[in-house]
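Chains as they are written, first to last, in this note's numbering: chain E, 1 to 111; chain B, 1001 to 1130.
Be aware that a few hints might be false.
Unchecked claim - Restricting the straight-line Cα-Cα distance to at most 27 angstroms, the calculated cross-link-like pairs of lysine-lysine (DSS-like) are:
hint: 1; chain 1: E; residue 1: Lys107; chain 2: B; residue 2: Lys1110
hint: 2; chain 1: E; residue 1: Lys46; chain 2: B; residue 2: Lys1013
hint: 3; chain 1: B; residue 1: Lys1073; chain 2: E; residue 2: Lys46
hint: 4; chain 1: E; residue 1: Lys107; chain 2: B; residue 2: Lys1090
Treat the hints as calculated values from the structure; they're not laboratory data.
Chain by chain, the residues:
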Amino acid sequence: QSVLTQPPSASGTPGQRVTISCSGANSNIGSDYVQWYQQLPGSAPKLLIYRNDQRPSGVPDRFSGSKSGTSASLAISGLRSDDEAHYYCASWDDSLTGNFVFGTGTKVTVL
Amino acid sequence: QVTLRESAPALVKPTETLTLTCSLSGFSLNTDGMCVTWIRQPPGKALEWLALLDWDDDEYYNSSLMARLTISKDTSKNQVVLKMTNMDPKDTATYYCVRARGSYDSTGYKSPGEWYFDLWGRGMLVTVSS
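Just chain E, same shape as in the assembly (with noise of 0.2 angstroms):
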């Protein structure tokens, strides 16, 4: 079970801005960075963000990340068919012997 909480979907129309959440605890989020991951269909995951805000080269700017306190968020504007996928975010769990854990995932549809 994950202890990093994200809405099971989201949906938004061609253009607009949608937004993804992650709660988390002091344990990860509070005190570690946070990465997001992009799953498309059929497909492996593809690193979107690290280090909480930072893109890998290739990564539209339209993807930006943020983290306040224990909670981080998945920003993507001007949405397109194409980003329909699921998106996980993580982080370092420093909780007794330590995990590395993963959110429990967001689906987004492009209406």
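Please build the complex by placing chain B on the supplied structure of chain E, with the hints as guidance.
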């Protein structure tokens, strides 16, 4: 070109040991900051981190699966191997080999909080069934 390619049996029986092999191309685990990790995804479910091997040969494991996992490398073949013992039908999943990046934090400590997973293999579906 940097790639990772997983290989494993597609079907294993309950109680057997699963051996997953990741063949690396275009980078070396001996380079500072380079790591390889394994992540799995049961059908229709979320991602689950399993284990990581870093450039110093330090091993990190999911605490709930630690007793069943062993990660290692074969430098001569540029491969990373994950063994998972006592397989169960609940372990049916797509297993991904992933390049990870690590670094030292501001105090000089090699912190797992610095990890991020920047290049994923295509994944290998492993089914556990008798």
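A quick look at each hint next to the structure:
The straight-line distance between the Cα atoms of Lys107 of chain E and Lys1110 of chain B is roughly 34 angstroms, outside the 27 angstroms bound, and the hint therefore fails. Straight-line distance between C-alpha atoms of Lys46 of chain E and Lys1013 of chain B comes to about 31 angstroms, which puts the hinted pair past the 27 angstroms bound. In summary, the hint linking Lys1073 of chain B to Lys46 of chain E is supported, as the alpha carbons are separated by about 24 angstroms, within the 27 angstroms threshold. With a C-alpha separation of about 23 angstroms, the suggested pair Lys107 of chain E and Lys1090 of chain B falls inside the 27 angstroms cut-off, and the hint holds.
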